[in-house]
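**Student:** Each chain is listed here by its residues.
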Amino acid sequence: MDGPATGAPAVNGATLGLPPTQTAASGMPLTHGLAGLLLLADSRLPAGGHAHSGGAEEACRTGAISGPEDLARFLRGRLATAGRVAAALAWSACEAAQAFSRPDKESREPGSPASSGQARVADPETAWRLLDAEADARIASPAQRLAGRTQGRLLIRTARRIWPSTALETLARAVPDGAHHPIALGVAAQAAGCTPDQAAMAAAYTSVTGAATAAVRLLGLDPVTVHRLLAELPYDSVIAEQHDWSALPAHAAPALDLLAEQHLRTEVRLFVS
Amino acid sequence: MTKALVRARAILRTGLDDRGLTRIETIRSDPPLTLRQTAPGEVHLVSTGAGPLGGDHLRLDVEVAEGTSLTVRSIASTLVLPGAGRSLMEIHVYVASGATLVFAPEPTVLAAGCDHRMTTAVTLAADASLFWREEIVFGRHGERPGRCHSRFDATAGGRPLLRQEFVVGDPEADGSPAVFGTARCVGSTLITTETPAEGPKSEPREAEVAEGVAVLPLAGPGTLVSALAADAVELRKRLSWGESRVSVQAGSPARATVGLRPPASRFP
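Those protein sequences? They're chains W and G, same order as listed. Just so we're aligned: 248 in the working numbering is position 244 of the first sequence, and the numbers increase by one with no gaps anywhere. Just so we're aligned: 262 in the working numbering is position 259 of the second sequence, and the numbers increase by one with no gaps anywhere.
FYI, nobody ran anything at the bench for these hints, they're computed from the structure. The structure presented is a predicted model; accordingly, all values stated were derived computationally and were not measured. Be careful, since some hints might not be right.
For the chain G half of the interface with chain W, some residues (derived, Cβ under 7 Å), not all of them [to be verified]: (1) Glu-168; (2) Gly-184; (3) Arg-187.
In silico negatives: residues of chain W with every beta carbon more than 10 Å from chain G [as the list claims (entries may be wrong)]: (4) Ala-55; (5) Arg-142; (6) Arg-165; (7) Ala-176; (8) Val-228.
For each label pair, taking beta carbons as the anchor points, the in silico distance ranges come out as [unchecked claim]: (9) W:Pro-72 / G:Ala-124: 36 to 44 Å; (10) G:Gly-88 / W:Asp-240: 23 to 31 Å; (11) W:Ala-39 / G:Ala-79: 53 to 61 Å; (12) W:Arg-106 / G:Arg-22: 53 to 61 Å.
No residue lacks a Cβ here, since even glycine has one placed at the ideal position from N, Cα and C.
Using the sequences and the hints, build the whole thing.
**Tutor:** Encoded structure:
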């Protein structure tokens, strides 16, 4: 208990006479957004995420993944590339949704400390289309763009009913075919009360969990071994504050592109992607 | 070991001559980046010095003026070597309306111990044409590569067309079946195509995939050929196959990129 307290005395509510669940900095409970994060990252969220293996099914079929060691390398590479890009998009989407939902118009004006990235220069619908185009430019494979939009559309449909929000409505209007999944996730996260960091964490986490559980099912791997792999992944390393949408990470994974396109052309498939 | 760090900036610009043909307006070499005109509208990069070595900062600016066409190739592959710190190669490109750029240099080879950064920013006017090939080889024969981080950004008509980064020599991604697998080279060719939204309802462009190579129609007006291979020869073969598919499949509005194709004799 002493460690964190001495490391960060300023945010230790107890030393400031605040209730122990409050931070001094934001006035927000320390658990702020956590319930939303857990619900969004849960594979039981009825948004169709379980139907996607993120290339793992094809990698198992071709023998590129045959055991826990291959799977560990697959997951690390996926997190460092697609996961990093998804985290950045989710962070940006959540932050823009926060900016748009602030009651005072002031905070959206350029130059204001609260203004966010390109969100400040455009009306919400234009901004969503712009961020969605930035996602498109980072996903070369049409199969992956299709899978990303399908998952995004389902997530928006689900999230609108769980956490109704203006930002989810404008996103659905701006990108009727379904925004890319990380963008939908970022906006849903804001609606669920999450911070941009939490949105990015949910995106990083869900970028690997689908592939991991798919491999368990397809190869009959020990689920505990695979969960240990998931526990050891460096999620924090792919999450960073982002402001210039054009400069967001764009880490490509050529093998994932090949796997996604091959998978679409494979006759017997358990997963959509 | 007291080699001075190199700072070089080479510039290449085209213009139209009296007869409306492309002429090379500016060709400013800055060793080790040396430019030689080898044919009308064609320039070769000739490396007049080793490297880049760690610590070197090289920059190439290319501007293709309205209605002109330019082809840039190189004489040999670029060998990136270690040195004092990180080396940087940045390329800035503008292709104006109605202009065409073919950029197809030989591969970049990452020698052991190198620490290299490559950034390319391509700005295309709405109706500019581009053929851009980039190949990275992970070390010379039997060599473990150093580190390289490349970023490629292309916008067309002010909209993002393709943004992609590769990191080689990162323990998180190296050898990952999700990233490069067992490949020792990665390459891609970006070829612009007409905006899908324009013109009469055209057939949606289909992706194609073969061993180690995919032809990927982008969301914007372009197609990316993306390949992985065990060696540079196989990589070029795979990319060339993909490049040839782009002109075939885009047959509907007779492809401008057909004319962009490098002669088969030179690109087996």
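**Student:** Each of the hints needs a verdict: does it hold here or not?
**Tutor:** These are the hints, each one checked on the structure:
1. With a least beta-carbon distance of about 5 Å to chain W, the hint placing Glu-168 of chain G at the interface is held under the 7 Å criterion.
2. Among the interface hints, the one on Gly-184 of chain G holds; its C-beta lies about 5 Å from the nearest C-beta in chain W, closer than the 7 Å criterion.
3. A distance limit of 7 Å between C-beta atoms decides the matter here; for Arg-187 of chain G the minimum to chain W is near 13 Å, and the interface restraint is violated.
4. The claim that Ala-55 of chain W lies off the interface holds: its Cβ sits roughly 19 Å from the closest Cβ of chain G, which is beyond the 10 Å cut-off.
5. Against chain G, the non-interface label of Arg-142 of chain W is violated: not every CB pair exceeds 10 Å, the least being about 5 Å.
6. No Cβ of chain G approaches the Cβ of Arg-165 of chain W within 10 Å, the least distance being about 29 Å, so the stated non-interface status holds.
7. Distance to chain G confirms Ala-176 of chain W as a non-interface residue, since its nearest Cβ pair spans about 19 Å, more than 10 Å.
8. Every CB of chain G is more than 10 Å from the CB of Val-228 of chain W (nearest about 22 Å), matching its label as outside the interface.
9. A C-beta distance of roughly 41 Å is found between Pro-72 of chain W and Ala-124 of chain G, which places it inside the suggested range of 36 to 44 Å.
10. The supplied range of 23 to 31 Å is met by Gly-88 of chain G and Asp-240 of chain W, whose beta-carbon atoms lie about 27 Å from each other.
11. Distance hint for Ala-39 of chain W and Ala-79 of chain G: a CB-CB separation of about 60 Å, consistent with the stated range 53 to 61 Å.
12. The hinted range of 53 to 61 Å is satisfied by Arg-106 of chain W and Arg-22 of chain G, whose Cβ atoms lie roughly 60 Å apart.
The earlier numbered hints that this structure contradicts are 3 and 5.
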